[in-house]
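Quick note, the sequences are listed as chains A and B, same order.
Number 431 marks the last residue of the first sequence (my numbering); no jumps.
Number 1131 marks the last residue of the second sequence (my numbering); no jumps.
I should point out that these hints are in silico values taken from the structure, not numbers from a laboratory.
Mixed in with the good hints there might be a few duds.
Claimed, not checked - No more than 16 Å apart at the CA atoms, straight line, and that leaves these computed lysine to aspartate or glutamate pairs for EDC-like: (1) K1113/B - D1030/B; (2) K408/A - E396/A; (3) K224/A - D258/A; (4) K413/A - D1061/B; (5) K8/A - E215/A; (6) K408/A - D1038/B; (7) K408/A - E1053/B; (8) K1130/B - D1075/B; (9) K391/A - D1041/B; (10) K1057/B - D376/A; (11) K58/A - E42/A; (12) K1004/B - E382/A; (13) K250/A - E215/A; (14) K413/A - D1019/B; (15) K408/A - D1075/B; (16) K224/A - E263/A; (17) K1004/B - E1053/B; (18) K51/A - E15/A; (19) K1113/B - D1061/B.
Stated by the list, open to error - These stretches of chain A come out as covered by chain B in the derived footprint (C-beta under 8 Å, 3 or more residues): (20) 290 to 303; (21) 409 to 415.
A quick note: this is a predicted structure, and the numbers were derived from the prediction, not measured.
Positions of the beta carbon are idealized from the N, C-alpha and C atoms, including for glycine.
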Amino acid sequence: MWEPQYEKMPREELEKLQLERLQQMVKSAYEKVPFYRAKFQEVGLTPKDIKSLDDVSKLPFTSKSDFRDNYPFGMMAVPLSEVVRIHASSGTTGKPTVAPYNAKDIDTWSNLMARTLASAGAHSGDVIQNAYGYGLFTGGLGFHYGAERLGATVIPIAAGNTKRQIMLIEDLGTTVLTCTPSYALIVAETAQEMGIDLAASQLRLAVCGAEPWSENMRAEIEAKLGVTAIDIYGLTELLGPGVSCECSYKTGMHIWEDHFLAEIIDPVTEQPLPYGQQGELVLTALTKEAMPVIRFKTHDIVNLYPETCECGRTMIRMSKVHGRTDDMLIVRGVNVFPTQIESVLLSVEGVEPQYQIIVDRERHLDEIEIWVEVSDAVFSDEMRSLEELEKSVRAEMDSVLGIAARVKLVEPKTITRTEGKAKRVVDRREL
Amino acid sequence: MRIKQVSVFVSNEPGRLVDMLKPLSDNEIDIQALSVADSTDFGIVRMVVSNTEGAVKALQDAQFTIRTNAVLAYDMPNVPGGLLKAVVEPLAKVGINLEYIYAFAESETGKAKVVLKVSDIDRAEDVLGKG
């Protein structure tokens, strides 16, 4: 255990620490971020009104659209000169959600990722092959810094080039693979095709997250790679990976509550729900400095289990994400909102935003296909101009979404409409 | 001779051409020439018909995406070298590009009908004649 003094802290003491940190965070947000100050004033709230942890429910929610409305730096509590790094994830429309970190935030995050990896079963001396994407995405550098903090050896290979991944697993004696669960399966199957038995390698642990996966997928990854596969959860808005992680008992992901205050609410009434009930997860960052995040509505539907775990950790556990309260899709670890696709289509001349997004999983890799209805305005008797239309939509999607989507032109009225409203997303993935 | 062509966007799936041809047949519209350009997912059906306005209405009522545009059409002798000498060579000589071309032979008359879309319809008409 990386930090037993926190991870096994008696609940009473932990809650006292949470309250102190919450009060500090609310004060900082109120004083340094005009956006929060205005929101608090709207409901007649000042930092002094937060006297107990239950008072958190008096605070207004923060939603994904607040990040869009205050893009890029409107949510920041420190001057840009103090920011040492900026990550980003896709927003609900064309603009990304920006996540700034100061030096203290990077330190906190590295420490939490070390704690996360330790909880998953990694330790110093491990050779960690990090196949999460490096770049604006928080996965790559988040795991990287955590693995270094843990005292492990990191191979910053990033995603892709699967045959080389397999060669390095064998040659460098990789013991831990960190990647999305679908990529873990691709590694397993590619190795099989190459006639290499990775179960016989030194690999013993896979830490998988950034997209939804099932117990069936876990069993498959574990059998084919000869590893224990551990689930991890995080959000760019809150820090990145390292918000919660399973321990070796695999009975839910421990939320690192000394840094994140978790609530569960009814997604419709927005009223708090008792632990154990399924609802929307709401998170407040308790120690983040560059960008305070208070009562962030994650849109993830989960259960929270407060009982002390067999591992000894007192930190609350969350279930796998059962679903979303909005229409966000996670495709190859990338957040995709139908509204983003709509704004891309609107930017291509002549295209009407009659579209449908088909998501499927072929050979464990998510494929996204966008059906666009062809109107009289864009139709042409020349094949070349229709092919050019497909190409320009595809290129625009690629630059906005950051993933390659197949574009298919279809006849008008092809897209299913229920009560006049077009069904925007068809998710055929079976997890 | 300059005439109107009707183009129809049709999904590449079994039976879809039936759905498209049925309204034409029901409205007694005769197809004088037809070609299909295909891609993986869809086809473009191009036709010259006896009654362009009627065809447009029938297809629009059946909710097809359509477009009409001007193309050139000629009758020519159905003999070896006919297409080459009557159409293709004269256009190539003056540097006019053929976007697409389709042709039908009529056995009774011994003639062939050729429909062409070119890069410059005015110049092509000057070269090939207006009649």
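Evaluated hints:
1. In summary, the hint linking K1113/B to D1030/B is supported, as the alpha carbons are separated by about 15 Å, within the 16 Å threshold.
2. Taking the CA atoms of K408/A and E396/A, the gap is about 14 Å. The hint holds against a cut of 16 Å.
3. About 36 Å separates the Cα atoms of K224/A and D258/A, which puts this hinted pair outside 16 Å; it is violated.
4. Distance restraint check for K413/A and D1061/B: the Cα-Cα separation of roughly 13 Å lies within the 16 Å cut-off, and the hinted pair is therefore satisfied.
5. For the hint linking K8/A to E215/A, the alpha-carbon distance of about 27 Å lies beyond 16 Å, and the restraint is violated.
6. Distance hint between K408/A and D1038/B is fulfilled; the C-alpha atoms sit about 14 Å from each other, no more than 16 Å.
7. The straight-line distance between the Cα atoms of K408/A and E1053/B is roughly 30 Å, outside the 16 Å bound, and the hint therefore fails.
8. Restraint check for K1130/B and D1075/B: the C-alpha separation of about 12 Å stays at or below 16 Å, so the hint holds.
9. For a cut-off of 16 Å, the pair hint linking K391/A to D1041/B stands: about 14 Å separates their Cα positions.
10. Distance hint between K1057/B and D376/A is fulfilled; the C-alpha atoms sit about 14 Å from each other, no more than 16 Å.
11. The hinted pair formed by K58/A and E42/A meets the criterion: a straight-line CA distance of about 12 Å does not exceed 16 Å.
12. Among the hinted pairs, K1004/B with E382/A is consistent with the structure: their alpha-carbon atoms are about 15 Å apart, no more than 16 Å.
13. Annotation: proposed proximity of K250/A to E215/A holds, straight-line Cα distance about 11 Å (limit 16 Å).
14. Between K413/A and D1019/B the alpha-carbon distance is near 14 Å, which keeps this suggested pair within the 16 Å criterion.
15. Taking the CA atoms of K408/A and D1075/B, the gap is about 38 Å. The hint is violated against a cut of 16 Å.
16. Proximity of K224/A to E263/A is assessed by CA-CA distance (about 37 Å); at most 16 Å being required, the pair is judged violated.
17. The suggested pairing of K1004/B with E1053/B holds, with an alpha-carbon distance near 10 Å, which does not exceed 16 Å.
18. Pair hint K51/A plus E15/A holds up; C-alpha atoms about 12 Å apart against a cutoff of 16 Å.
19. Between K1113/B and D1061/B the alpha-carbon distance is near 29 Å, which puts this suggested pair outside the 16 Å criterion.
20. Counting residues of the stretch 290 to 303 of chain A whose beta-carbon sits less than 8 Å from any beta-carbon of chain B gives 0, not enough to reach three: the coverage restraint is violated.
21. For the stretch 409 to 415 of chain A, the proposed coverage by chain B is satisfied: 6 residues have a C-beta within less than 8 Å of a C-beta in that chain, meeting the threshold of three.
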